[in-house]
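Peer 1: Sequence:
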Amino acid sequence: MLLSIIVPVLNEEESLRELHQQIEAVCAREQISFELLFIDDGSTDKSWEIIQSLSQAESNVAGIRFRRNFGKAAALTAGMRAAEGEIILMMDADLQDDPEEIPKFLAKLREGYDVVNGWKQRRLDPWHKVYPSRVFNGMIGSLTGLKLHDHNCGLKMFHRDVAAEIRIYGELHRFIPVLAAARGFRVTEMPVNHRPRQHGHSKYGFNRFLRGFLDTLTVCFLTGYGQRPQHMLGAIGLFFFGLGILGFGYLSILWGLMNIFHAIPVEPIGTRPLLAYSLAATVLGAQAMSLGLLAELLIAYTGRERDNYSVSERTDLPTEKPRLNS
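Residue numbers (the working numbering): 62 to 387.
What the hints contain is simulated information worked out from the structure, not anything from laboratory work. Where hints are given, some of them may not hold.
Straight-line C-alpha distance at most 20 Å; calculated SDA-like pairs for lysine to any residue [to be verified]: (1) K169 - L209; (2) K208 - A225; (3) K208 - R247; (4) K169 - V87; (5) K208 - G245; (6) K208 - E96; (7) K165 - E96.
All chains, full assembly: derive it from the sequences and hints.
Peer 2: Below you can see the structure in the form of structure tokens.
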């Protein structure tokens, strides 16, 4: 069974040859048939020249070069489209991911799992990356229901079926286990050896935590309401619309008591802040429900390219049956 190893590259000229040697040594020892795909995500150093050299010297090494930096998710998507193996492994090019983990990942996958996510149990990174990452992982587990210790780990192995059914963009590559679990795939994690960075510097800054939070909200919506957006937007709309109606009802009762029955002296309702709040809540509720209906139309008429189910196994039908309209 061919293993496709996808390595996104951004200015990693000092580590590429060593990474290839380590992968080659491990796979040769374990008799693992593999292909190595380097995806140059707009490097400005000599990374592409090294990838070209390795590709010319080794028949199982190939490279793809982007015209500019498009991001890690785009690089991984290009790699998954080009991969020919039944099993896909993604790993970083900075040598912090240890190729010695490859046989362990394969063994874990053979236990019946579809996705194996790495867990940097002893992480060799600065504290200002470690502690926010723990908060981030805890938040993802609480919001999505998939509790993993290290969603950000660059080492992830999964079957080709997983790559065929999920779509990653922006920075959703860290949510591959979450997206796969939402499709019904079996996900697990495994502690991995995390090595200190030997060359270059980290490509991630503090702003990735803000982007990570926004991406978490996106994933929660996609996995929970991607096929039924009105259930979320409609519920929000009904809540605010209901608040507005209650406010208008209360003001109407006051108006009646004041002008018809002359029961109580009250201020004119036109000067009350509650009138503006009720109007705003009603408009907001109506807009949310309208957006939900538009989203449902988009799902109904443009979402046919992607099935809203995932098939694990099937048997051949004994007789040919009429096809359902698609």
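Peer 1: If a hint holds in the structure, say so; if it doesn't, say that too.
Peer 2: Verification of the hints:
At most 20 Å may separate the alpha-carbon atoms for a hinted pair to count; K169 and L209 meet this at roughly 16 Å. For a cut-off of 20 Å, the pair hint linking K208 to A225 is broken: about 23 Å separates their Cα positions. For the hint linking K208 to R247, the alpha-carbon distance of about 13 Å falls within 20 Å, and the restraint holds. Of the supplied pair hints, the one linking K169 and V87 holds, its CA atoms being roughly 17 Å apart against a limit of 20 Å.
Pair hint K208 plus G245 holds up; C-alpha atoms about 15 Å apart against a cutoff of 20 Å. Distance check on the hinted pair: K208 and E96 sit about 31 Å apart at the alpha-carbon level, beyond 20 Å; violated. The suggested pairing of K165 with E96 holds, with an alpha-carbon distance near 18 Å, which does not exceed 20 Å.
When each numbered hint is compared with the structure, violations occur for hints 2, 6.
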